[in-house]
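Residue numbers (this note's numbering), protein chains in the order written: chain A, 3 to 512; chain B, 3 to 512.
It is possible that some hints are incorrect.
[What the hints assert, rightly or not] Derived coverage of chain A by chain B (criterion: at least 3 residues anywhere in the stretch with Cβ under 8 Å from a Cβ of chain B; other residues may be distant):
1. 16-22
2. 201-214
3. 226-237
4. 240-248
5. 269-276
[To be verified] Think about it this way: if two alpha-carbon atoms lie no more than 25 Å apart in a straight line, the pair counts; the simulated DSS-like pairs of lysine-lysine are:
6. B/Lys60 <-> A/Lys60
7. A/Lys345 <-> A/Lys171
8. A/Lys14 <-> B/Lys60
If you're looking for bench data, these hints aren't it; they were derived computationally from the structure. Glycine residues also receive a C-beta, built at the ideal position from the N, C-alpha and C atoms.
2 protein chains.
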Amino acid sequence: MSDARSKLQDLKTRLIEVSDVEYANAILGWDQSTYMPAGGAAARARQSATLSQIAHEKFTDPAIGRLLDDLWPYEESLPYDADDAALIRVARREYERALKVPPDFMARLSSHMAASYQLWTAARPANDFARMQPNLEKTLELSRQLAEFFAPYEHIADPLIDWADYGMKASTISAIFAQLRSELIPIVEVIASQPIADDSCLRQQYPEAEQWAFAVEVIKRFGYDFDRGRMDKTHHPFMTKFSLGDVRITTRVDEGYLGEMIFSAMHEAGHAMYELGICADYEGLPLAHGASAGAHESQSRLWENLVGRSRPFWNFFYPRLQAFFPQQLGGVSLDAFYRAVNKVHRSLIRTDADEVTYNLHVMLRFDFELALLEGRLAVADLPEAWRARYQTDLGIASPDDRDGVLQDVHWYGGIIGGSFQGYTLGNIMAAQFQQAALAAHPDIPAQIARGEFGVLHDWLRENIYRPGMKFTPSELVERVSGQPLSIEPYIAYLRTKYGELYGVWGSFLH
Amino acid sequence: MSDARSKLQDLKTRLIEVSDVEYANAILGWDQSTYMPAGGAAARARQSATLSQIAHEKFTDPAIGRLLDDLWPYEESLPYDADDAALIRVARREYERALKVPPDFMARLSSHMAASYQLWTAARPANDFARMQPNLEKTLELSRQLAEFFAPYEHIADPLIDWADYGMKASTISAIFAQLRSELIPIVEVIASQPIADDSCLRQQYPEAEQWAFAVEVIKRFGYDFDRGRMDKTHHPFMTKFSLGDVRITTRVDEGYLGEMIFSAMHEAGHAMYELGICADYEGLPLAHGASAGAHESQSRLWENLVGRSRPFWNFFYPRLQAFFPQQLGGVSLDAFYRAVNKVHRSLIRTDADEVTYNLHVMLRFDFELALLEGRLAVADLPEAWRARYQTDLGIASPDDRDGVLQDVHWYGGIIGGSFQGYTLGNIMAAQFQQAALAAHPDIPAQIARGEFGVLHDWLRENIYRPGMKFTPSELVERVSGQPLSIEPYIAYLRTKYGELYGVWGSFLH
Chain A
3 MSDARSKLQD
13 LKTRLIEVSD
23 VEYANAILGW
33 DQSTYMPAGG
43 AAARARQSAT
53 LSQIAHEKFT
63 DPAIGRLLDD
73 LWPYEESLPY
83 DADDAALIRV
93 ARREYERALK
103 VPPDFMARLS
113 SHMAASYQLW
123 TAARPANDFA
133 RMQPNLEKTL
143 ELSRQLAEFF
153 APYEHIADPL
163 IDWADYGMKA
173 STISAIFAQL
183 RSELIPIVEV
193 IASQPIADDS
203 CLRQQYPEAE
213 QWAFAVEVIK
223 RFGYDFDRGR
233 MDKTHHPFMT
243 KFSLGDVRIT
253 TRVDEGYLGE
263 MIFSAMHEAG
273 HAMYELGICA
283 DYEGLPLAHG
293 ASAGAHESQS
303 RLWENLVGRS
313 RPFWNFFYPR
323 LQAFFPQQLG
333 GVSLDAFYRA
343 VNKVHRSLIR
353 TDADEVTYNL
363 HVMLRFDFEL
373 ALLEGRLAVA
383 DLPEAWRARY
393 QTDLGIASPD
403 DRDGVLQDVH
413 WYGGIIGGSF
423 QGYTLGNIMA
433 AQFQQAALAA
443 HPDIPAQIAR
453 GEFGVLHDWL
463 RENIYRPGMK
473 FTPSELVERV
483 SGQPLSIEPY
493 IAYLRTKYGE
503 LYGVWGSFLH
Chain B
3 MSDARSKLQD
13 LKTRLIEVSD
23 VEYANAILGW
33 DQSTYMPAGG
43 AAARARQSAT
53 LSQIAHEKFT
63 DPAIGRLLDD
73 LWPYEESLPY
83 DADDAALIRV
93 ARREYERALK
103 VPPDFMARLS
113 SHMAASYQLW
123 TAARPANDFA
133 RMQPNLEKTL
143 ELSRQLAEFF
153 APYEHIADPL
163 IDWADYGMKA
173 STISAIFAQL
183 RSELIPIVEV
193 IASQPIADDS
203 CLRQQYPEAE
213 QWAFAVEVIK
223 RFGYDFDRGR
233 MDKTHHPFMT
243 KFSLGDVRIT
253 TRVDEGYLGE
263 MIFSAMHEAG
273 HAMYELGICA
283 DYEGLPLAHG
293 ASAGAHESQS
303 RLWENLVGRS
313 RPFWNFFYPR
323 LQAFFPQQLG
333 GVSLDAFYRA
343 VNKVHRSLIR
353 TDADEVTYNL
363 HVMLRFDFEL
373 ALLEGRLAVA
383 DLPEAWRARY
393 QTDLGIASPD
403 DRDGVLQDVH
413 WYGGIIGGSF
423 QGYTLGNIMA
433 AQFQQAALAA
443 HPDIPAQIAR
453 GEFGVLHDWL
463 RENIYRPGMK
473 FTPSELVERV
483 SGQPLSIEPY
493 IAYLRTKYGE
503 LYGVWGSFLH
């Protein structure tokens, strides 16, 4: 056993070294998006590639494989949820995955993705899908090859989904999504038959400094700790982590639309609080990450939507917001404002979509990923298929590719497969987690209405954040809610909230 | 020869990889000083140490030694000043140096320096040399050990000096400094016998935003390119480089003293323009650095003092400065302002010292380094020796250690030996370089008086910046000025400028 302890220590030292290089690379990425002058771009790409390669080499060192082999009996001797057992289990899973992909393939893929992203930044504004098409065909080919390294599989998308949402499969997700879709479509149709909500109060001139100050006040009250994080401006908001003591967020400000920055700050703060809440003992180890893309999104969406677009939240914060913007909001009632931030309408752009229609955007992308990977759909036919599906699912005609098939960066700066399901899984999980939190602490809404978020944050930290990657997403859902993943809490949440908002209680009853 | 070319390519690839890791580490350092939240400190120290170690391992890879051996005949076949010859020569010099220091010693030294620096940040404000003494004794011991790895040497300080100012020795520097001292002391005494200049105009309330805007205007006109750099705030100003396309500076602002930020910005911009002017072909290679600490300081001091405290400079910029600060400077004449920014007075703090007395601060530190390394002076006796020397050289009594022996970070965050001579070598070189620039372009002062810095900047770029480390500092001085390093241009500069300023022409004549 003392031999096992020393081997475990050796393993940890090696894993921490790998994480040092990975986090250093994350710092390079953050700097690139925030403060790097244009002249730094060429060298930065090379430096980042070098660090990736070093991290990969160090992680796939056969010495790590030997340690993992030697530690098997020790792992078996421990309870499943012991930290050491989880560490060895997760490290082995990631080690085996890393070994399956040849480093030169990874390098080719990275370089293709970087070039593709560059091309996309020009092709999207130019509405030029034709320019992207050969590129996207190459991406599809590489995505398929990547999946092949993990053969055999049930569905070719499975290994790619597994990477983001461990343990999930195309078949299980398709089943959940089909169920969700059948519930959502009628809800969206009922709402669409009502007068569209008026959000013009959000579309006034809102100076940046005041938006920033308000958002900082909100996320500080949520519990985002500025001694262990910070917020900067970037073109696209994101969360990034350099250690469990330094988890940063970024945002963007639209002075003509209040809905952009404050909700994006809450969203990213939700991601950040997840990482900041992970058990400090896991620092630098593979356990020190959120459980999955879906689990992560559950936390960003929980704080952004379930809290940040809720009535109790605005009960407390609306007077404060009005104090920041007396001219703009002095004459707008809480009721009107609440309706504005929860306006449901069928729109073209996923990232602008409301809580209800959002999942329709995600699910059609997920379906396209399966169809492309299976070969049922050719890249050349994608724009047309996209338009058709937006017509069917959302009842709107996409006037161009810019705001159609070119709108999301995912396929142009990443792979095809596994890129989107996490968003909807996150919405589903968020409601299921919230239901569990409310069962434990029914007074949370009342606390929120007083601007108090400590009980909710503590509950989330203890139950969801602390274990990090110790459990699979399915295990996490089971442990937290006592149930397998289910769309019911989510649908119930939507029915209640939007039934009330649109005065359509009756229509939503089964 | 095609074999040599492929080996050279291999060497370059390896050296660039090392630089990628080193520059990544520099980004970590920049972030730590500018934006990192407090919670990131612990992990950051570890991440930075990991990158240092990886860079060291990669650089001391025996494969690099073999390539350097194999490339010897190729190097010999080239002219001395061919880029490839210089690359192989400089890489070999640094490789051999790196090999001489055992990695575990380097790790011990780094960790001691980090701990010592932490201790100093508390001990200096507490005026507590006793707390630092055992630490400094350890630093001295480690500095001696470091030097021993390079035995035999003429003087134990030589290897440490050589690290910063390649090719320089304690004996040559002592000789130059003795000569400089004998010239400086009488100049300082004559000035001290005159009424002290009035710089109260600098000590008013100067809001940060305007100071910042003015400094940016100045350094942009100098030619510091904000597309390849940026300026941020830090506790101590510095320049740092992540590639030849991304060279950043930092500054600090004292709203109660105009002299701090604007000159520090010019100083750091001088360092940055040096790096930005290095031949782009050297990107990522050992040639892509300034020739030495002294050569680097020559450029920061040239822009800060020879340009930034000159009459032609203020002829152009003073009206602009007045426009930024009409209340503070509207009633202050150019003459009075020019005298204020060139006030000479014997003071306690090196970094606050004027152009004339500055070198006295440096030279006594240099002498102390030699005495400590030789064992002629014990660390315990240093504070007393410090006070005595300030009395002798500057005629002032140091009231405490805080602003005495504890004032500079160098010995507390670094080694003893080679830390200070570069500042005075830089002043000497700056005047020698300026003399050569003026010989080539006598109209430079007139251009400066019109706010035009292009001819000077181009001349410096072509003659000093472009070659990077291709030449040793002595070679550089010879090539640029046609003379060996000499204090004469510097003394002539001081005599002319301060003779005129203090109306003491006669006293300065030999």
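Tested hints:
With 3 residues having a Cβ less than 8 Å from any Cβ of chain B, the region 16-22 of chain A passes the three-residue criterion, so the hint holds. Judged by the Cβ-Cβ criterion of 8 Å, the region 201-214 of chain A is not covered by chain B as claimed, because only 0 of its residues qualify and three are needed. Coverage of the region 226-237 of chain A by chain B holds in this model, with 7 residues showing a Cβ closer than 8 Å to a Cβ of that chain against a need of three. Taking a C-beta to C-beta cut-off of 8 Å, the region 240-248 of chain A contributes 5 residues in contact with chain B, enough for the three needed, and the coverage statement holds.
Only residues whose C-beta sits within less than 8 Å of a C-beta in chain B count toward coverage, and the region 269-276 of chain A has 0 of them, not enough to reach three; the restraint is violated. Between the alpha carbons of B/Lys60 and A/Lys60 the distance comes to roughly 13 Å, so the proposed pair stays at or under 25 Å and holds. Of the pairs offered as hints, the one joining A/Lys345 and A/Lys171 is violated, with about 33 Å between alpha carbons and a cut-off of 25 Å exceeded. Between A/Lys14 and B/Lys60, the direct Cα distance comes to roughly 22 Å. Compliance with the 25 Å bound is thereby established for this hinted pair.
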